[in-house]
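Could you put together the complete structure from these sequences and hints?
Number of protein chains: 4
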Amino acid sequence: MSPSDNGDALVISSDPYHPANLIPELCRGFYQLGWVTGTGGGITIRLGEKVYIAPSGVQKERIEPIHIFVLPYPQPYPETDRVFLRRPSLNLKESACTPLFWNAFELRDAGSCIHTHSQHAVMATLLWPSGEFKISHQEVNQMIKGVRVGGTGRALSYLDTLVVPIIENTPNEEDLKDSMHAAMVKYPDAAGILVRRHGVYVWGNDWEKAKAQTECLDYLFEIGVKMKLAGLPTELSGEQNGNVAI
Amino acid sequence: MSPSDNGDALVISSDPYHPANLIPELCRGFYQLGWVTGTGGGITIRLGEKVYIAPSGVQKERIEPIHIFVLPYPQPYPETDRVFLRRPSLNLKESACTPLFWNAFELRDAGSCIHTHSQHAVMATLLWPSGEFKISHQEVNQMIKGVRVGGTGRALSYLDTLVVPIIENTPNEEDLKDSMHAAMVKYPDAAGILVRRHGVYVWGNDWEKAKAQTECLDYLFEIGVKMKLAGLPTELSGEQNGNVAI
Amino acid sequence: MSPSDNGDALVISSDPYHPANLIPELCRGFYQLGWVTGTGGGITIRLGEKVYIAPSGVQKERIEPIHIFVLPYPQPYPETDRVFLRRPSLNLKESACTPLFWNAFELRDAGSCIHTHSQHAVMATLLWPSGEFKISHQEVNQMIKGVRVGGTGRALSYLDTLVVPIIENTPNEEDLKDSMHAAMVKYPDAAGILVRRHGVYVWGNDWEKAKAQTECLDYLFEIGVKMKLAGLPTELSGEQNGNVAI
Amino acid sequence: MSPSDNGDALVISSDPYHPANLIPELCRGFYQLGWVTGTGGGITIRLGEKVYIAPSGVQKERIEPIHIFVLPYPQPYPETDRVFLRRPSLNLKESACTPLFWNAFELRDAGSCIHTHSQHAVMATLLWPSGEFKISHQEVNQMIKGVRVGGTGRALSYLDTLVVPIIENTPNEEDLKDSMHAAMVKYPDAAGILVRRHGVYVWGNDWEKAKAQTECLDYLFEIGVKMKLAGLPTELSGEQNGNVAI
Numbered sequence: 001m002s003p004s005d006n007g008d009a010l011v012i013s014s015d016p017y018h019p020a021n022l023i024p025e026l027c028r029g030f031y032q033l034g035w036v037t038g039t040g041g042g043i044t045i046r047l048g049e050k051v052y053i054a055p056s057g058v059q060k061e062r063i064e065p066i067h068i069f070v071l072p073y074p075q076p077y078p079e080t081d082r083v084f085l086r087r088p089s090l091n092l093k094e095s096a097c098t099p100l101f102w103n104a105f106e107l108r109d110a111g112s113c114i115h116t117h118s119q120h121a122v123m124a125t126l127l128w129p130s131g132e133f134k135i136s137h138q139e140v141n142q143m144i145k146g147v148r149v150g151g152t153g154r155a156l157s158y159l160d161t162l163v164v165p166i167i168e169n170t171p172n173e174e175d176l177k178d179s180m181h182a183a184m185v186k187y188p189d190a191a192g193i194l195v196r197r198h199g200v201y202v203w204g205n206d207w208e209k210a211k212a213q214t215e216c217l218d219y220l221f222e223i224g225v226k227m228k229l230a231g232l233p234t235e236l237s238g239e240q241n242g243n244v245a246i
Numbered sequence: 001m002s003p004s005d006n007g008d009a010l011v012i013s014s015d016p017y018h019p020a021n022l023i024p025e026l027c028r029g030f031y032q033l034g035w036v037t038g039t040g041g042g043i044t045i046r047l048g049e050k051v052y053i054a055p056s057g058v059q060k061e062r063i064e065p066i067h068i069f070v071l072p073y074p075q076p077y078p079e080t081d082r083v084f085l086r087r088p089s090l091n092l093k094e095s096a097c098t099p100l101f102w103n104a105f106e107l108r109d110a111g112s113c114i115h116t117h118s119q120h121a122v123m124a125t126l127l128w129p130s131g132e133f134k135i136s137h138q139e140v141n142q143m144i145k146g147v148r149v150g151g152t153g154r155a156l157s158y159l160d161t162l163v164v165p166i167i168e169n170t171p172n173e174e175d176l177k178d179s180m181h182a183a184m185v186k187y188p189d190a191a192g193i194l195v196r197r198h199g200v201y202v203w204g205n206d207w208e209k210a211k212a213q214t215e216c217l218d219y220l221f222e223i224g225v226k227m228k229l230a231g232l233p234t235e236l237s238g239e240q241n242g243n244v245a246i
Numbered sequence: 001m002s003p004s005d006n007g008d009a010l011v012i013s014s015d016p017y018h019p020a021n022l023i024p025e026l027c028r029g030f031y032q033l034g035w036v037t038g039t040g041g042g043i044t045i046r047l048g049e050k051v052y053i054a055p056s057g058v059q060k061e062r063i064e065p066i067h068i069f070v071l072p073y074p075q076p077y078p079e080t081d082r083v084f085l086r087r088p089s090l091n092l093k094e095s096a097c098t099p100l101f102w103n104a105f106e107l108r109d110a111g112s113c114i115h116t117h118s119q120h121a122v123m124a125t126l127l128w129p130s131g132e133f134k135i136s137h138q139e140v141n142q143m144i145k146g147v148r149v150g151g152t153g154r155a156l157s158y159l160d161t162l163v164v165p166i167i168e169n170t171p172n173e174e175d176l177k178d179s180m181h182a183a184m185v186k187y188p189d190a191a192g193i194l195v196r197r198h199g200v201y202v203w204g205n206d207w208e209k210a211k212a213q214t215e216c217l218d219y220l221f222e223i224g225v226k227m228k229l230a231g232l233p234t235e236l237s238g239e240q241n242g243n244v245a246i
Numbered sequence: 001m002s003p004s005d006n007g008d009a010l011v012i013s014s015d016p017y018h019p020a021n022l023i024p025e026l027c028r029g030f031y032q033l034g035w036v037t038g039t040g041g042g043i044t045i046r047l048g049e050k051v052y053i054a055p056s057g058v059q060k061e062r063i064e065p066i067h068i069f070v071l072p073y074p075q076p077y078p079e080t081d082r083v084f085l086r087r088p089s090l091n092l093k094e095s096a097c098t099p100l101f102w103n104a105f106e107l108r109d110a111g112s113c114i115h116t117h118s119q120h121a122v123m124a125t126l127l128w129p130s131g132e133f134k135i136s137h138q139e140v141n142q143m144i145k146g147v148r149v150g151g152t153g154r155a156l157s158y159l160d161t162l163v164v165p166i167i168e169n170t171p172n173e174e175d176l177k178d179s180m181h182a183a184m185v186k187y188p189d190a191a192g193i194l195v196r197r198h199g200v201y202v203w204g205n206d207w208e209k210a211k212a213q214t215e216c217l218d219y220l221f222e223i224g225v226k227m228k229l230a231g232l233p234t235e236l237s238g239e240q241n242g243n244v245a246i
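Chains as they are written, first to last, in this note's numbering: chain G, 1 to 246; chain Z, 1 to 246; chain A, 1 to 246; chain H, 1 to 246.
Hints were generated in silico from the structure; no laboratory data involved. A quick note: this is a predicted structure, and the numbers were derived from the prediction, not measured. Treat the hints with caution; some may be incorrect.
[Claimed, not checked] Lysine-lysine pairs mimicking DSS-like chemistry, simulated, CA-CA at most 27 Å apart:
#1 G:K50 / G:K93
#2 Z:K228 / A:K134
#3 G:K134 / Z:K228
#4 H:K134 / A:K228
#5 A:K226 / H:K226
#6 H:K186 / G:K226
[As the list claims (entries may be wrong)] So the derived list for chain G, only partly shown, Cβ under 8 Å to chain Z, looks like this:
#7 V140
#8 N141
#9 Q142
#10 S157
#11 V185
#12 Y187
#13 E208
#14 C216
#15 Y219
#16 I223
#17 K226
#18 A230
Glycine included, each C-beta is placed from N, C-alpha and C at the ideal position.
Here it is in structure tokens:
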């Protein structure tokens, strides 16, 4: 299907929970949280065979339903020939995160994926210089219970260890696709992927679970950074595998 | 009474101060404060023999009156056979905090109880590694005057010492009931209970007093954490029982 | 005039800039800034011979015009027999700050006075343990230009030194009246008075100037605290009276 | 043209994207971000030969379209005899930033310029005591991609080094014009100018780009300050011109 401005019916709805209404509303909330300032970040929602995606390079707190792209899922052709069900009639391009969102759909059967530039996520990648943000169960916070194994599986227990892989940033967002894919394969239980000096990708079965998990992980990054800066332990060394008091 | 979707009249009201309207509104405010992100935290209101409780595991900033549970107080049967006056017709479960809220009703005759995951509360539990968050009167802040003895008694004086017990977290929220109960018995003057790496429970005679006290305690946790990180004294040693300058 | 619930006409107005409409609106904004949580803090507005004051001990973000007290200015009798033009018909008491607000009216001819519990103000009183918060002109920030000499005089220059006296807290807010009065006499150029471990009082010719000056001072307290915690100089020593580079 | 209150048609429009509607709305948002408290800061928009400017010394979150000044561009006479198309009928003066905004129009052909007193910008000027805020590409954050060369040119790459000149503050805002001009000539690639102990000026081709770039730079100031305070490297020394791990 060639680009066209047909397909408005795909994004015009009086239902506030229609993805084309939800994406603008959620992005306004993410802006308030400092997650998507400077046109960065965003969210995708997939309902069965339709994927809803915001444009690239626009103020995320000012998106309107008519700005939303709709793509078929799965894509009938290789992604380099990306196919659309609807493109906005404006001079817009789909989010540069699109191939990364696709990782979440294909590898985890996710129904939604969120990308933030949260400073808590970025600081976590700087203060955890290895390839993992990791907090062991003795140090972990209650919010770990809001995260699911692999993002779409069972809820984590308070006793589990949370690990979020950290991949290195690349000049072009699209080029993160392969390293994100590799990290998701290597860490099948991870509910998100941190990108060094950049932000985080988090997914879930639907937009509500993706959003709740993004909030939980962001909370954990924030408190982890605070703990590390305050000199509080956030991770057990190899020998410490029992009861550990601060 | 078996679960049913009858009882909508118990939660549908045009009065903005009806508990089923207040709980959603207050939760939206708590979300803005970072107290109930990731579906955590919440508030209960008790009006005489009726207790209003939000569902578990939902986005707290998106609750609607029809999502509210109503329970009789006191419960006619042991709590393991919890009884309801109204259950939402959706696939919802009452807040996992329910048995902890009951502690506040039964031990303090509270009319409302609030549970937050505030990072100030959590940091306070990490920087006060003993079983008490304690600030002596010389170091204490004006906001102590907003807290009541036992949560439902007389207001504290600026000269009083504030003590909030800290209990250890458990994998399941419900399992905190006994240790919270024990701490409330041991500390009859405490207006709230901190849970390590988790958050805080605060109660009051009604929702207004519970909310004001939660704000005062959260303020004290925040300023206490700032003072400790800045190297300012927050607690007097045993010998220092007189005038102490910073 | 004895207490009565007459006088509603004094607080019911369709003009959004009527003091009885402004006070609730401004208090909602102050709540968002963290200045008046836990029922603390507030604002008074004086228009000629009428003084508008909010109640004590209520949620400041939920005040309504009908909750506003109106007092004559000056008071015909000594303040211990405080006189009212209008008292709300509810079970309310006027703000405990009333005698402190009166200091601003009597000593500075102020048209408005604001009291906040801002944590920036409180931290400033803890990190400046002497009786003054002081930043010399070489270290001072642009925002000093938003502050007026004595609160109601000419605007400060960027080259001026800003001094805000710090008085010690007392168990009862009313008991601060005399020490605040003494500090205002001793520091005729000060635009506000800090209260240790408590907050700040700031006044101006009208509510707009009082609010703008409160924002400027709060900004200066915040940046002063950040500078001090970062080890940056905020005050010149006696010998350093010339050009000083960081 | 002499001052008059004619010209209301220049600022009354039902189009929410008319500059006289946008400036008040954007200023409300900037107030929420802490960028324009205490009447400081602001934004100008230029549409071809018309320049829209807010008044000086007013609460930026309460501006209304009728408060907006309209000036012709370019100015027919030397700027000391500033010419207006419309002046508000109130007792208002145009923003003291006007000559600085003109720098952005004349030197960069900007369509909008924003001035904030963001504490992140001010802290950056204090922690980077030299004449430049500089972060090399190895340390730089993803948000650098949201900044354009010279403010109105091509987007920066993640591999570029970001440099923002820092000029010294002056007692009168207008007196910054020459040093800002000199810095813009010396740093033709800079997208903004920091003013020590004061704030930042950022411009772009239009208001959307100016706002997005202000957000990106503010993000970079904030994370740069956090990194420096956490002891993380933000700039490479002369010898470190290759791969550098933290």
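For each hint, the structure was consulted:
{"no.": "1", "hint": "G:K50 / G:K93", "verdict": "18 Å, holds"}
{"no.": "2", "hint": "Z:K228 / A:K134", "verdict": "23 Å, holds"}
{"no.": "3", "hint": "G:K134 / Z:K228", "verdict": "26 Å, holds"}
{"no.": "4", "hint": "H:K134 / A:K228", "verdict": "23 Å, holds"}
{"no.": "5", "hint": "A:K226 / H:K226", "verdict": "11 Å, holds"}
{"no.": "6", "hint": "H:K186 / G:K226", "verdict": "40 Å, violated"}
{"no.": "7", "hint": "V140", "verdict": "7 Å, holds"}
{"no.": "8", "hint": "N141", "verdict": "5 Å, holds"}
{"no.": "9", "hint": "Q142", "verdict": "4 Å, holds"}
{"no.": "10", "hint": "S157", "verdict": "6 Å, holds"}
{"no.": "11", "hint": "V185", "verdict": "27 Å, violated"}
{"no.": "12", "hint": "Y187", "verdict": "21 Å, violated"}
{"no.": "13", "hint": "E208", "verdict": "6 Å, holds"}
{"no.": "14", "hint": "C216", "verdict": "4 Å, holds"}
{"no.": "15", "hint": "Y219", "verdict": "6 Å, holds"}
{"no.": "16", "hint": "I223", "verdict": "6 Å, holds"}
{"no.": "17", "hint": "K226", "verdict": "6 Å, holds"}
{"no.": "18", "hint": "A230", "verdict": "6 Å, holds"}
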